[in-house]
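Chain C is already provided as a structure; the job is to place chain F on it using the hints.
Residue numbers (the numbering used here), protein chains in the order written: chain C, 1 to 149; chain F, 1001 to 1696.
Honestly, the hints are just simulated from the structure, not real lab data. Keep in mind that a hint or two might mislead.
Result set (SDA-like, lysine to any residue): computed pairs, CA atoms no more than 20 Å apart in a straight line [what the hints assert, rightly or not]:
#	chain 1	residue 1	chain 2	residue 2
1	C	59	C	98
2	C	59	C	95
3	F	1521	C	88
4	F	1521	C	116
5	F	1470	F	1485
6	C	43	F	1382
7	F	1521	F	1233
8	C	59	C	104
9	F	1521	F	1534
10	F	1421	F	1345
11	C	43	C	79
12	F	1521	F	1393
13	F	1521	F	1538
14	F	1470	F	1492
15	F	1521	F	1441
16	C	43	F	1383
17	F	1521	F	1563
18	F	1521	F	1240
19	F	1521	F	1392
20	F	1521	F	1621
21	C	43	C	82
22	C	43	F	1384
23	F	1521	C	89
24	F	1521	F	1448
25	C	43	F	1381
26	C	43	F	1377
27	C	43	C	75
28	F	1521	F	1626
29	C	43	F	1376
30	F	1521	C	117
What the simulated footprint calls covered on chain C by chain F, stretch by stretch (three residues with Cβ under 8 Å from a Cβ of chain F suffice, anywhere in the stretch; the number is not a length) [what the hints assert, rightly or not]:
#	segment
31	5 to 15
32	32 to 41
33	62 to 72
34	79 to 92
Where chain C lies over chain F, by a calculated footprint (3+ residues, C-beta under 8 Å) [what the hints assert, rightly or not]:
#	segment
35	1366 to 1375
36	1380 to 1390
Every residue, glycine too, gets a C-beta built ideally from N, C-alpha and C.
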Amino acid sequence: MNRRRVWIGLGLVAIAGAITLLVAGGLRENVVYFLTPTELEAKGAEVYGAPLRLGGQVKPESVDWNPDVGRLFFVITDGETELPVESSGAPPAMFSEGMGVVVEGSYREDGVFRSHNVMVKHSNEYRPPKEGEHPREVYRSLIDEEAGG
Amino acid sequence: MLSTLGYASVIAALLGAVITTLTGLIGGFRNRPALIDASRRATYFTFVAMTAAIVTMEAALLTHDFSVEYVSRVGSRETPSYYTAISLWSSLDGSILFWGWILSGYAALVAFVRRRETDGLTPFVLGTLGFVGIFFFGLLVGPANPFGLIIPTPENGPGPNPLLQNHPLMGLHPPLLYLGFVGLTVPFAFAIGALLSGNLEATWLRDARRWMIAAWAFLSLGVIGGAWWSYEVLGWGGYWAWDPVENASFLPWLTATAFLHSVMVQERRGMLKTWNLTLIIGTFILTLFGTFLTRSGILDSVHAFTEGVIGPLFLGFIALLTLGSFLLIAWRSDRLHAPGTLDGVVSRESAFIVNNLIFVALTFTVLLGTVFPLIVEWTRNERISVGPPYFDMVFTPLALLLLFLMGVGPALPWRRTSAEKLRRSFWLPTAVGVAVAAVIFLLGVRRVYPLVTFGFAGFVFATIVEEFRKGVSARRRISGRPAALAFLDLFTRNGRRYGGYVVHTGIVVIAVGLAISGSWKYEREVTLRQGEQLEIGEFRLQFDEIFTREEAQRFVVGGNFQAWRGDRYLGVQQPRMNYYPTSQQPIATPAVVTSLSKDLYLTLMAFDSENGEHATLRAIVNPAVAWLWIGGLIVGIGALIAIWPHGRPAYLPELAADLAGSAPMADSLLIADSGDAGDAGRGEEAVTVGEEESAS
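Chain C extracted, bound-state conformation (with noise of 0.2 Å):
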């Protein structure tokens, strides 16, 4: 009986173990850090190929989309370090220059951050509609933005 005892302790305590390693492991390897430019700058090459979150603002004029390839390559900054960006994929509906996005990817040691997701930030996400709006006009005034007007 006591014998049994212990043998069931070890097989908890090696359970335990294992789910902790596995845990331990699994949080090392896929935590993603949330960056600035700066902040990656100066991480450098401690970064490279790391799955990294990058938030900032599309510098104004840098936006190229070729919608014939997929590609979109674009300049973030945060007011002090610009990082060139290229992303596959066609850019979130509302992306426009000047704006707040949060691009998912990795740096790369020829100083480019490669992204598979750019996400469209807001302040806030909803605002109040301005008096008698139709969605028409939100439409239409969205649409302008896009188009930089």
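Positioned in the frame of chain C, the structure of chain F alone reads:
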């Protein structure tokens, strides 16, 4: 007018809950029938008051009474009536109102069902439910009052959250989730009630377990429904992102599932009493914690609406309940000793114990991944996120282990077994599992996780079939009924056990669906000019034009894409973007062509806003996703079979046959249940069990 009426109703409900708590607890402790009666009537009264509040709110919403503060925030004259009606749960205070109403409904149902019960538990249970009610009704009276009066009355409002009004499923998924979440309060109340009353024998456990299965069924459907909604509405092509909101609904599901298994060990062997109490209490605390995480704005997530005071109040309530429960368990620890011990290392009870360890480990890993960003931000002031890869990496092996156990547990006998018996019960399922994995391997699949999933799925399915076969043949020998009827008999005579196997079948189907859709999904993103075609897998798409459509509450831009699968024409598919006045971002609506083998999933990513000449489309081929929804349905049906009242709990005779080990427990069960145990069937069932035991 409606504002005053609604607020008065909520105050009345709060008053009712206070009276329930006081009369229930005092009446219970001092054993005063008059007070106990009063607690029941106050529970009914609270339900009536909350129903009045809900009806008032619905009336205000549907008549567009913008003088009511909540309506002025989530209502608009343009919103279709259906979405106006369901915008009850579009925002925080409305959600709490809905939560409170369901809570009062559950409490009234408990009071009604137990109105003739004489075990002395009812007043404590109602008192506990009343106490939880005080918190929620208090929120409604104070910081989350939806009935505030707006002067002057606005002409119109902004309408509900765009995500709420984008798809009809929003009318189904939140209520299911709420029924599950709030339903978990009831087993909690039984646990606390049992601790308070000191009557820790079997009746509380039987009731807690029944209510837990009901709440668990709703929660399961709610979680699956949430995945379905995410898939059909959000347009990102997946169904589960390990978003904190999803995790919040999943965490209590994990602990509740653990309880539904470990409770059997207590019923059969009298073991794990403290553990089961802890699971019930932990499950309820996790529902509150999940609500706190997602509703306090502490994490940013698509669902989290921010509010100020409510977060700290939730946290305080959680701390109070955790501490109180802990003290109660410590106070009653002398009554929580286990009469039974673990006899054999290879036995059904040890399978259940391992099952529980894994469920708790899963809960821990998901919880840690969810709150880890908060911990890091607080301690190191660095901002991080923990992405789906962490969850996938940690969750998958543990979940596979559970899948395997699902085949082992039911085929193991209680107490102990012999190597010979093991060989006899497991050679066939093992052969089936290995054969399935081998066939899949020969078909060219080399990935480890899908192969293991298929092998385990075959193994589990074979044990389930074997269980049903044994049950049917035992029934046929006893009653001489034909196989089909004997099969149905299993559900009516032992619904809990065989309903449980149906649930397991559903889980196996979901596991296979997850493995296939997670491993063989592929996608392309392309920009098409008018008339251009795209081929993806066996699907072909042609972009025709961009269309726009004005609807009352939104402006819709969509693309017309003709679709073919091989030579079969699938019609014109219309992925869309919807522009709502209140949202800076359009809300995408994907077009999904579902079939049993694979879905074609289309999202409009960008379009030429000047001439409509080109459109950027994301096309995803998602295999086997439909099996997740089918599996969810099977789980729901199984749970329904398990809780369907058949009068007589079928485990009684099993206990009678198994009295030798844990006599006190079994005795109390027999006494407690003798009222609804049919004598005629009892002997026969005992024979069935005997047959089954010897057959295995």
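> Looking at the structure, which of the earlier hints fail to hold?
Replying inline: none
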